[in-house]
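*Asks:* Listed below are the residues making up each chain.
Number of protein chains: 2
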Amino acid sequence: MSSTTTLRSLNINNINPHIKEAKYAVRGELAVRSEEYRVKLAKGSKDLPFDKVISCNIGNPQQLDQKPITFFRQVLSLVEYPPLLEKEDVLLNQLGYKSDVIERARWLLKTVGSVGAYSASAGAPGIKDSVARFIEERDGHPADPKDIYLSAGASSGVNTLLHIICASPKTGILVPIPQYPLYTASLSVLNAKCVPYYLDESKGWGTDLEAIKGAYKKAVAEGTDVRSIVIINPGNPTGSSLPVEDVKAVIEFAAQEKLVIMADEVYQTNVFMGKFSSFKGVLRDMQKEDPEKYKYVELASLHSISKGMVGECGHRGGYFELCGFDPEVQEQIYKFVSISLCAPVIGQCLVEMMVNPPKPGHPSYELYKQEWDGIFSGLQKRATALWEAFKEMEGVECGTPQGSMYLFPTISLPPKAVEAAKKEGRTADEFYASRLLDATGVCVVPGSGFGQKENTLHFRTTFLAPGTEWVGSIAKFHKEFMDEFR
Amino acid sequence: MSSTTTLRSLNINNINPHIKEAKYAVRGELAVRSEEYRVKLAKGSKDLPFDKVISCNIGNPQQLDQKPITFFRQVLSLVEYPPLLEKEDVLLNQLGYKSDVIERARWLLKTVGSVGAYSASAGAPGIKDSVARFIEERDGHPADPKDIYLSAGASSGVNTLLHIICASPKTGILVPIPQYPLYTASLSVLNAKCVPYYLDESKGWGTDLEAIKGAYKKAVAEGTDVRSIVIINPGNPTGSSLPVEDVKAVIEFAAQEKLVIMADEVYQTNVFMGKFSSFKGVLRDMQKEDPEKYKYVELASLHSISKGMVGECGHRGGYFELCGFDPEVQEQIYKFVSISLCAPVIGQCLVEMMVNPPKPGHPSYELYKQEWDGIFSGLQKRATALWEAFKEMEGVECGTPQGSMYLFPTISLPPKAVEAAKKEGRTADEFYASRLLDATGVCVVPGSGFGQKENTLHFRTTFLAPGTEWVGSIAKFHKEFMDEFR
Numbered sequence: 001m002s003s004t005t006t007l008r009s010l011n012i013n014n015i016n017p018h019i020k021e022a023k024y025a026v027r028g029e030l031a032v033r034s035e036e037y038r039v040k041l042a043k044g045s046k047d048l049p050f051d052k053v054i055s056c057n058i059g060n061p062q063q064l065d066q067k068p069i070t071f072f073r074q075v076l077s078l079v080e081y082p083p084l085l086e087k088e089d090v091l092l093n094q095l096g097y098k099s100d101v102i103e104r105a106r107w108l109l110k111t112v113g114s115v116g117a118y119s120a121s122a123g124a125p126g127i128k129d130s131v132a133r134f135i136e137e138r139d140g141h142p143a144d145p146k147d148i149y150l151s152a153g154a155s156s157g158v159n160t161l162l163h164i165i166c167a168s169p170k171t172g173i174l175v176p177i178p179q180y181p182l183y184t185a186s187l188s189v190l191n192a193k194c195v196p197y198y199l200d201e202s203k204g205w206g207t208d209l210e211a212i213k214g215a216y217k218k219a220v221a222e223g224t225d226v227r228s229i230v231i232i233n234p235g236n237p238t239g240s241s242l243p244v245e246d247v248k249a250v251i252e253f254a255a256q257e258k259l260v261i262m263a264d265e266v267y268q269t270n271v272f273m274g275k276f277s278s279f280k281g282v283l284r285d286m287q288k289e290d291p292e293k294y295k296y297v298e299l300a301s302l303h304s305i306s307k308g309m310v311g312e313c314g315h316r317g318g319y320f321e322l323c324g325f326d327p328e329v330q331e332q333i334y335k336f337v338s339i340s341l342c343a344p345v346i347g348q349c350l351v352e353m354m355v356n357p358p359k360p361g362h363p364s365y366e367l368y369k370q371e372w373d374g375i376f377s378g379l380q381k382r383a384t385a386l387w388e389a390f391k392e393m394e395g396v397e398c399g400t401p402q403g404s405m406y407l408f409p410t411i412s413l414p415p416k417a418v419e420a421a422k423k424e425g426r427t428a429d430e431f432y433a434s435r436l437l438d439a440t441g442v443c444v445v446p447g448s449g450f451g452q453k454e455n456t457l458h459f460r461t462t463f464l465a466p467g468t469e470w471v472g473s474i475a476k477f478h479k480e481f482m483d484e485f486r
Numbered sequence: 001m002s003s004t005t006t007l008r009s010l011n012i013n014n015i016n017p018h019i020k021e022a023k024y025a026v027r028g029e030l031a032v033r034s035e036e037y038r039v040k041l042a043k044g045s046k047d048l049p050f051d052k053v054i055s056c057n058i059g060n061p062q063q064l065d066q067k068p069i070t071f072f073r074q075v076l077s078l079v080e081y082p083p084l085l086e087k088e089d090v091l092l093n094q095l096g097y098k099s100d101v102i103e104r105a106r107w108l109l110k111t112v113g114s115v116g117a118y119s120a121s122a123g124a125p126g127i128k129d130s131v132a133r134f135i136e137e138r139d140g141h142p143a144d145p146k147d148i149y150l151s152a153g154a155s156s157g158v159n160t161l162l163h164i165i166c167a168s169p170k171t172g173i174l175v176p177i178p179q180y181p182l183y184t185a186s187l188s189v190l191n192a193k194c195v196p197y198y199l200d201e202s203k204g205w206g207t208d209l210e211a212i213k214g215a216y217k218k219a220v221a222e223g224t225d226v227r228s229i230v231i232i233n234p235g236n237p238t239g240s241s242l243p244v245e246d247v248k249a250v251i252e253f254a255a256q257e258k259l260v261i262m263a264d265e266v267y268q269t270n271v272f273m274g275k276f277s278s279f280k281g282v283l284r285d286m287q288k289e290d291p292e293k294y295k296y297v298e299l300a301s302l303h304s305i306s307k308g309m310v311g312e313c314g315h316r317g318g319y320f321e322l323c324g325f326d327p328e329v330q331e332q333i334y335k336f337v338s339i340s341l342c343a344p345v346i347g348q349c350l351v352e353m354m355v356n357p358p359k360p361g362h363p364s365y366e367l368y369k370q371e372w373d374g375i376f377s378g379l380q381k382r383a384t385a386l387w388e389a390f391k392e393m394e395g396v397e398c399g400t401p402q403g404s405m406y407l408f409p410t411i412s413l414p415p416k417a418v419e420a421a422k423k424e425g426r427t428a429d430e431f432y433a434s435r436l437l438d439a440t441g442v443c444v445v446p447g448s449g450f451g452q453k454e455n456t457l458h459f460r461t462t463f464l465a466p467g468t469e470w471v472g473s474i475a476k477f478h479k480e481f482m483d484e485f486r
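So the protein lines, in turn, are chains R and V. Taken in order, the first sequence gives residues 1 to 486; the numbers are from full-length UniProt numbering. Taken in order, the second sequence gives residues 1 to 486; the numbers are from full-length UniProt numbering.
No wet-lab data here; the hints were simulated from the structure. None of the hints are false.
Same chains, same label: a pair holds when it works inside one copy or across any pair of copies.
DSS-like mimics (lysine-lysine), calculated; alpha carbons at most 27 Å apart, straight line: (1) LYS20 - LYS258; (2) LYS43 - LYS146; (3) LYS248 - LYS218; (4) LYS335 - LYS40; (5) LYS258 - LYS170; (6) LYS422 - LYS335; (7) LYS453 - LYS213; (8) LYS391 - LYS275; (9) LYS52 - LYS146; (10) LYS479 - LYS52; (11) LYS423 - LYS335; (12) LYS170 - LYS335; (13) LYS40 - LYS146.
Go ahead and model the full structure; you've got the sequences and the hints to work with.
*Replies:* Laid out in structure tokens, this is it:
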């Protein structure tokens, strides 16, 4: 405690204790230190053993030179400055805009009015219509715009849903471990219980129904009011992609125990193996087969413009769709989102274009397709290169890349490294990641930031960074680290 | 309760009770009904006694045809689609962009990288530097970028600050009544206590130190841990603009009782009478005179791109600056904002341009100045027209327009109207506003949505809507209403 503590209203011991408890390693100590290194290098410092910081700690594609999709950004330039639409010939003949860019911009402006005006609280109606049509096409089942809520990225949607569900300190939410720490951090802030269930590393980090049942029963026996289960598919940090059987098993269990399913599906287009099965689609299939049994299953599925080949994190856009929710509960959700007025309207426009991109035959289609495929195959190539490097590294094990933007290898570190970590007051994975950053400029997140089984160690890395040089520098560091502590 | 309640996990009786308690009238029942009318009219309905909905319920300038500032939007078109910067001659010679537009876009892109990438959690460093320079120039005192946090509008800043301050159900925050309902709604959600203090309608809705002291003492005596005082200046919903003496008195009181000052200054350029005195500037002046006494005063001042002549609500941008906060508390604020990753980057760019607009001599200055002045005088003209209409209306009293975007007249309604309201289960001001909407299409917010002294009735209206026809329709309605219930 500093000596000035009692002179102020607020000090570390009297602010909201639930904020203090929250942990968010993705932007934690190592991320902060990596930014300091970046500033140092930018100022011309030669003191560091590397000349570039490689931010593999966060899925931030455009920070790592992923180019935005041309169609999206051309449309945004027009909705930001509509007088350009009066110069159609300049746009078409001198700036290379296609006619469908102009049409889309006109349509969006008609729908939202000005992008500088607040939209309706749950999003512009016309954009929600487009989202509904996208879901219908994806799943082969109807979707209702009134059940769709546009949000400032999926994070804001998760925040809304948890605010509604968490009614008291006894409320529990089943959260996969490892997980994206937004969930545990938000539950800390809301003073509700995280009920962890372990994913099965031996099956490519798939869901293990027995583990879920066990965690649920234990929590209920301890007096926790378990209300909901979170599924992240494709997985973050694990990179898994769930087979349809796993999705069905979760729905079956949720129906039986009356749990709200929160399906975090922001990586739905980042799938390298098999096919993405949406919870909404599978639920509707099951309802068709047995309407009575699944009629009241409550599902919230989330999507985002931040991931996939879109990668527009900075624009903060996303949506969630509700199925089976009580209308009175939906009214409260509407009120809650209205307090923060509306999601950023430019982000809403990007949601519209993500769900309704140029189609074959449209003037912008060819370039769109080429850019999309280029990003996809680049990600796949780098995932494979990284995975192959991990396979060669002593004491590192990593499953085949399946989906999302991450690999989450297991690392077995020598006892001496574990001791050295203890001396620094760190877990061994933190120690490893910290040394990696200091030696190479590569910033990853220690597995403890996501949760992991006791006596296992991991780290999460994105495979977004361009080139493969940094992969080599990880391998070199790893060898030296193992030699030092063997 | 519906018959399906027990079949689901969530129902109105088991969700978060603090969300249920929250009230947010600005987008409440009347706002929802007005949107239904708008849809009906758009579909060609002739059933309604008006042909246009006039949304005076919310400060949403661009929904009401306020034109965005050209410089801002031209720059945004370029940062959204940077390849345009390769066609400088087309921009300059055919599209009418000035050279400072191009320079600013280049600088912003250098600062943020891509607007589609997450920025640092508290905002892009270069933009925070610009905000600090703006504050220095406004107040004549230094500002430190590390104390500035970019946010998704001021609402998100208020949400962050209240999350930190509210430690338990005993935490109390002094909130002016009438107030913008974001404060009471957020305190409900956080399960903390609103400690209301009444503004003085007889002195143009200024702060009344005796009322503040009285509210504070009463709350403390009841066991409330009062931590902070909210001031909205210029006022919302009241339209007041505080003289420097009132600002000083509040700081003096906050210093004495160790209260965090939350200064909501989003209307700082919407001032028609006198001069805006920022809390930061006045605090630094007082600290210069008596450093010991005011050294540890904690102040958070909030600003936004949504109001003023900028009016870019849909872009969700703003900032708050902290003075005198404990560094350990600031670390927790950083962590909290990092959980939602970052404020929309396009909104951050608008913050930069708001605080650093074209200066005299710059190529874009003349148009910028002309647009700014045009919006300002338009607002002033409409405020005056509305105020003059109110003066003529029976039983309506309204102070001279001083600032912000609102008037908040008192209405005295006949006993028969109060009875009729009771029969509908409404307060008399709700009844009046509901009848006004149904008769004219003009949507205002009843005073009870903001809080008002017992046995007084008000409504809040913006003066943003173009034209003055709607003012006439309010007057006509009012006369008929009074005749009906006299």
